[in-house]
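Starting from the known structure of chain Z, fit chain V onto it as the hints suggest.
Heads up: the sequence lines are chains Z and V, in that order. Using my numbering, read the first sequence as starting at 17 and increasing by one per residue. Using my numbering, read the second sequence as starting at 9 and increasing by one per residue.
For the record, the hints were derived by calculation from the structure and aren't laboratory data. Note that the coordinates shown come from a computational prediction; the quantities given were computed from them, not determined experimentally. Warning: the hint list may mix true and false statements.
With the Cβ distance kept under 8 Å, some of the chain V side facing chain Z (calculated, not the full set) [claimed, not checked]:
#: 1; residue: 68
#: 2; residue: 107
#: 3; residue: 108
#: 4; residue: 120
#: 5; residue: 122
#: 6; residue: 134
#: 7; residue: 138
#: 8; residue: 167
#: 9; residue: 169
Beta carbons are placed, not taken as given, at the ideal position from N, Cα and C, and that holds for glycine.
Residue-level listing of the chains:
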Amino acid sequence: MTALSASSPPAAQPAPTLRERLRRLRRSYLFKVVIQGVITILAVMTLTFFMIRQMPGNPFQVRIDDLMTRQAMTYEDAYRAAASIFNFDPDRPVILQFSDYIGDLLQGDLGMSITKTGTPVAELILRYLPWTLFSIGLSVLISFTLGTTLGLAIGYWRGSWLDNVVTTLASVISGIPDYIIALLIILIFGVQLEWFKIGQVRGGVDPTITPALSLEYIGSILQYAFMPMLIYTLSSIGAWILAMKSSTISTLGEDYITVAQARGLPQRRILSAYVGRNAMLPLITRLAISIGFIMGGSVIIEEMFQYPGLGRNLYLAITGRDYTVMQGIFLVITVAVVASNILADVAIAWLDPRVRLDKGGEA
Amino acid sequence: MSLDMNKVVLSVRDVSVSYLARRGRVRAVSQVSFDLHAGETLALIGESGCGKSTLNLALIRQLPKNASIDSGSIAYTYRDGRTVNLLDFDKTAMRRYLWSECSMVFQGALNSLNPVLRVSDLVYETAAAHGIGRLEAQTRALKLFEQVRLDAKRVFNSYPHEMSGGMRQRVLLALSLLLRPQIVIMDEPTTAVDILTQRSILDVLKQLRAELNFSVIFISHDLAVAAEIADTVATMYAGEIVEIGPVNDVFYRSRHAYTLSLLNAAPRLSAGAETLESIPGSPPDLIEPPPGCKFHERCAYAQPICRTTPPPMVAYNNGAGRAACHETARVLADARHKA
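Isolated chain Z, as found in the complex (with noise of 0.2 Å):
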């Protein structure tokens, strides 16, 4: 403070030099935090590259186990066959399957599917991507905001009705895994009470619509994503409500919060700008982690709802061995957990001024 208001006006200060901007853009939050998230992407990149290769059998096996199952053929038929479909070679050296996966990666190239043979990688990555986008972006942000308004209410009257129903409720939900929610509202409403067909939960939208911006269409979207949304949401609002008590009663033992009353604040303010802001500080951070998590979590949910996400991509990649669509979804997955998190940072900068991103950068 004391260096800013005594330096002289910006206006009398010579242009900044090429080298000046260099070297401010080296010190910058934004550089410093994307250099990071690129050795993240490519360590995380390498390791499942590798990874991947090590699990039992290969693209080339899986579909000559299948054919030789399916249309009873001998196992040099089968070979055969595979052979003619698939661009894939198993028997190339891994370390040179990684050399062309990273020289095709740098020049914008996520390769083919080994199995879909003819279609590439980023194309159903692109094709899928906004299904999970939805219906994962959607679920996260009622969660946090039901949850953590739940959090606040229940911590702010801490030992009412409301808190003891609402914290073993909590407790209880966070405690089940997201596919046995799943299973448990499909037997209970789906199969027992019939409140919805089972056949029509399943998919991204009802086929005999057509796609078009039209309120039927959209409706029909938001109807098939209900259901893995819903489950999303249940597994993960608990701990959002647990969470955000326990912040709240810390943050309510906080001097500035007597200060604050004994001001004669109204109730509304402390609760919101008192409360509720300081005690949801340190959830932002756990927003980004839970991004991942749930992006992980997908790949049960979406496969048992049919869902045509990313999710239930990577699950039918895992079962086929295909390589190329693993990596393309995974790298994704990083990408977006990397992201989450940047963002994450720059969202408690903007809620909390004691947290600054760019250090030393007016001193």
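Only chain V this time, still in chain Z's reference frame:
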């Protein structure tokens, strides 16, 4: 300074506060009575845990949920002469009363300000909660910041973490006067800051008191600070006011054994270390307080009667002060001897 002993601003009568603990009721404050006059500074002194802070929170009705005011009355007289009992207020009335009639400077200035709001926001929201517009609030705040010797414009636009402890304490002091209250309660406002900052805060406080004319209830265990700033001093022990009177009477002609022990336990520049005497033992259990005088277990003057009969309050100098001690005569003789 216009100390008007004829106008009583706050009249506290027989106030008792208890906390509900697992073992039973803790009588943190019992049967406390005092009058606060216009322009008067009343210092409450006593050991940690004697009930000073609880009494304070009771005066602004901000006690924690497990505490309750069991009896008594707190009568407040507005500038227009209306008198109300604070204990009859509902939530809304209390919210309006707070800060506009009676504000508070808390100990620990470091944590008293919301870290995510600018000082200007604190000013605006405080004013808005009591129906004062932004422009008026800003004008008042800038003037007050100057009066507490801060770089007004800079502080107004700062976040709390951008200021030092002393600056924050002065911001709080200025903020406490924003709505021109008649009473400012200060709970150890100089405890968390260094000695030089303490000096400047006390100077600022004295100057403000002279300019703005408000009454102060000053809580401190720092006797030197209390002696410097107070008109009246009240000694608290085990939840009771055991002695109250003009500052010179209480400090130089102590009439209660506890006050004298407290004074003897405080270091003085003029005396050597050998004259420093600590008070043996620790404050009594407030769930089952000892019979008689609550101080008798630790008292050097204790007589058989102290163990059985609670000492009555005895007024002196036509009611200028009063003390509750069986051994006033001996204590007073020793106090005079020391002085």
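Verification of the hints:
no.	hint	result
1	68	holds, 6 Å
2	107	holds, 5 Å
3	108	holds, 7 Å
4	120	holds, 5 Å
5	122	holds, 5 Å
6	134	holds, 5 Å
7	138	holds, 6 Å
8	167	holds, 4 Å
9	169	holds, 5 Å
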